[in-house]
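Novice: Based on the hints, put chain B in the right spot on chain A.
The listed protein sequences correspond, in order, to chains A and B.
Residue numbers are given in my numbering: position 82 of the first sequence equals residue 83, and the series is strictly consecutive.
Residue numbers are given in my numbering: position 72 of the second sequence equals residue 73, and the series is strictly consecutive.
Calculated directly from the structure, the hints in this document are not laboratory data.
Be aware that a few hints might be false.
Identical copies look the same in the list; a pair holds intra-copy or inter-copy alike.
[Unchecked claim] Each computed BS3-like pair below joins lysine-lysine, with the alpha-carbon atoms no more than 30 Å apart:
(1) Lys306 with Lys162
(2) Lys55 with Lys306
(3) Lys306 with Lys23
(4) Lys115 with Lys306
Remember, it's a predicted structure, so these values are computed and weren't measured experimentally.
Number of protein chains: 2
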Amino acid sequence: MTLPRKVRLVEVGPRDGLQNEKQLVPADIKVELIRRLAAAGLSTIEVTSFVSPKWVPQMGDNTEVLTRVLGGAAPAGLDYPVLTPNLKGFEAALAAGAREVAVFGAASESFSQKNINCSIAESLERFRPVTEVAQAAGVRVRGYVSCVAGCPYEGAVAPEKVAEVAETLLAMGCYEISLGDTIGTGNPVSIRRMLDAVLRRVPAERLAGHYHDTYGMAAANVCASLEMGVAVFDASVGGLGGCPYAAGASGNVATEDLVWLLHGMGIDTGIDLDALVDTAAWISAEIGREPASRVARAVLAKRAKSCA
Amino acid sequence: MTLPRKVRLVEVGPRDGLQNEKQLVPADIKVELIRRLAAAGLSTIEVTSFVSPKWVPQMGDNTEVLTRVLGGAAPAGLDYPVLTPNLKGFEAALAAGAREVAVFGAASESFSQKNINCSIAESLERFRPVTEVAQAAGVRVRGYVSCVAGCPYEGAVAPEKVAEVAETLLAMGCYEISLGDTIGTGNPVSIRRMLDAVLRRVPAERLAGHYHDTYGMAAANVCASLEMGVAVFDASVGGLGGCPYAAGASGNVATEDLVWLLHGMGIDTGIDLDALVDTAAWISAEIGREPASRVARAVLAKRAKSCA
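Chain A extracted, bound-state conformation (with noise of 0.2 Å):
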């Protein structure tokens, strides 16, 4: 078995995992959150999203919490994407000063239909330009493909409709493709079958897995595709996020799992897995509940027994 010597995990809590709170989070929390994630050595932290307000009420302070992120005095050599549905989207993430911005289509025609109102190819149609314009001002461009492992309307998804919408991705310039399995019924079966496909059309260094933790397979499904080369994963602190597809269930793999499984298995991700949990209970602690990841609970439960 081979496996990577080094893995670059994109934190995406402070977008994918706060976006779906009903509470609205204070800008200040916000900042202070991807302030933490930073110091904690995480490099890549998508920190918002530039979707209409009346839409994502929770990412109303894009514009505040991008300025103020990359105004503070942040470590060199962080990325900040955020993402850009559309081109007044990303023109509103340019003018706060976004040097990376992501994109995203779905592997599924009836999730393209319900979830953005068109279909897939519609869909790239609609990002090509801002990955024209962002290519033009020097801009990176991420993209996600969801629902590559299953679709909460559908159910199976071919492999090859996820290795074609993540070409024309590549293909319209983005430098990554982030394959989401947004409902987290992948299984290392499943997940090896659509890399498989993939890897025919997009190289394993330009490729990130974005695996939900629903059913308890992320940790499974990250070994499974560090196998195959993969070396980028999503994933979001605390386990932030949730499932809006199945209330109470658990979304995004927690950050602190996956470092915890790949420092494990002798695989360097330059982070700090006590500031990251740290940081998982603080802002688990703000928006008012546990933190949902296993790893957490345990170091939190063995911290309290040696200082009993």
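Specialist: Relative to chain A, chain B alone:
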């Protein structure tokens, strides 16, 4: 990747899962739990432990529970092993009708000393009369090895030590050796290394994996083990059991999480996932908590949504 086509799950919820519950669970509830697990398709259910009620008060009703489940109209082909740490326990189990018992050794000297107050070698000698008397009585013996991937006192545990203890238990007549990652610190790399050593002395068809989910790694560790030919795994419905070494952390992997994983990978278990999730919800409510497993939470959340 070659995977087994069929996997047997050994349900340890009624014993390992409940033994640390402070509030005594009535025998009626335990018997009903075992009945529901059998009805859901679990063919091996560890039902109780014949230890001194001074040490484990929760198992004080061992004779009643075993007698009732053996006496009821249980479906054919069911195994109801019970834990018997010494000859006295074995004789009580035999008197109650046990047809299968389990003994346990540790792969860590410190753990053996702190847990059962003797060395590994002494503990194995203590089990020898149990296995001898059991074999004479036609009672099957299952062997547990604890701390196979780490010890709460020593940290890392040598794979060679695990292999030695497993081989000794096999030589004593155990029909199956269950390899316990007691504190859940194993990962696919360390589990593979441990299994490499064990498989040089014990064939895969005599091994079971008993992986705790304290750090969310159980599913990944099961996948690594499946690839090495292990096709029996221990699990606890609803993730009952917690972690005695870190209060508030997870312990036993949930049976429904493994069923979901295995079925998703096309592996047969003979278990009805919906009935198992119902059982997880029922026993969790009986002991006053939410089901700890991701699969139970996701399935229950999805059901609630489709009814709304």
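Novice: For every hint, state whether the structure bears it out.
Specialist: Consistency of the hints with the structure:
Taking the shortest Cα distances, Lys306 and Lys162 sit within 30 Å of each other only across copies (28 Å), while inside one copy they are farther apart (50 Å). For a Cα distance limit of 30 Å, the shortest separation of Lys55 from Lys306 across copies, 24 Å, qualifies, whereas the shortest one inside one copy, 46 Å, does not. In the homo-oligomer, the alpha carbons of Lys306 and Lys23 lie at most 30 Å apart only across protomers (18 Å), although the nearest pairing inside one protomer, at 34 Å, exceeds that limit. When the C-alpha separation of Lys115 and Lys306 is checked against a cutoff of 30 Å, the pair qualifies only between copies, where the shortest distance is 17 Å, while the shortest distance within a copy is 48 Å.
Hint compliance for this structure: every hint is met.
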